[in-house]
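The primary structure of each chain is shown beneath.
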Amino acid sequence: GDSVTQMEGPVTLSEEAFLTINCTYTATGYPSLFWYVQYPGEGLQLLLKATKADDKGSNKGFEATYRKETTSFHLEKGSVQVSDSAVYFCALRTGNQFYFGTGTSLTVIP
Amino acid sequence: DVKVTQSSRYLVKRTGEKVFLECVQDMDHENMFWYRQDPGLGLRLIYFSYDVKMKEKGDIPEGYSVSREKKERFSLILESASTNQTSMYLCASRRGAGELFFGEGSRLTVL
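Respectively, the protein sequence lines represent chains A and B.
Using the working numbering, read the first sequence as starting at 1 and increasing by one per residue.
Using the working numbering, read the second sequence as starting at 1001 and increasing by one per residue.
Treat the hints with care, as some may be off.
Claimed, not checked - Once the Cα atoms are required to be at most 25 Å apart in a straight line, the calculated BS3-like pairs of lysine-lysine come out as:
id	chain 1	residue 1	chain 2	residue 2
1	B	K1053	B	K1070
2	A	K49	B	K1003
3	B	K1055	B	K1071
4	B	K1003	B	K1053
5	B	K1055	B	K1018
6	A	K60	B	K1057
The set of hints was computed from the structure by calculation and includes no laboratory data.
Please take these sequences and the hints and turn them into a complete structure.
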């Protein structure tokens, strides 16, 4: 069945470090891909999305490119801030269903 | 601004009690969802609804039921709470094939 696998955390980085969170997927058909972020004590918010191969989603300095050949949608940010500390979820949508990864906790230290 | 509101942020219940979790959205979305979130397991779909009075089972419906009497409201019911239902519950809504909008979550502890 359809599924998402993302790198396990927790991840701890110093402020201004480069961030990569890996995400790969298995899907039939042509899924849309998403990154959601969950700040402490809150629900999930959409961070960025891509709906077809080679699309790049971007928001708040984060980027991810839909790579059909490697079935990947890795999240990157060039310089993280303390305020980026959160849990990040990769997700795919096929038809009416969403499938989420297990989440990657990121802590950024000053 | 879009809004999904969950009635209770934190609940503590005893084993065997009936629990109601309420969710209201103000975006006129036809689709609504209940997920539970557990460490290391991510989000798992409990139930979803495409329209008023319609419901579909998700991946883990056992021990839960839902009610959707009005378009804006989707309730999750635990008929007899058990300790293994201690979790974070997230409600979400969506228009058509668009993105999911989530509430802030309801953290339930069953003693």
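Do the hints match the structure? See the list:
1. Taking the CA atoms of K1053(B) and K1070(B), the gap is near 8 Å; set against the 25 Å cutoff, the hint holds.
2. Pair hint K49(A) plus K1003(B) holds up; C-alpha atoms about 20 Å apart against a cutoff of 25 Å.
3. Our distance criterion of 25 Å between C-alpha atoms is met by K1055(B) and K1071(B), whose separation comes to about 12 Å.
4. Under the criterion of a C-alpha separation no larger than 25 Å, the hint pairing K1003(B) with K1053(B) is consistent with the structure, at around 22 Å.
5. Note on K1055(B) and K1018(B): the hinted pairing holds, with a Cα-Cα distance of about 20 Å set against a maximum of 25 Å.
6. Annotation: proposed proximity of K60(A) to K1057(B) is violated, straight-line Cα distance about 35 Å (limit 25 Å).
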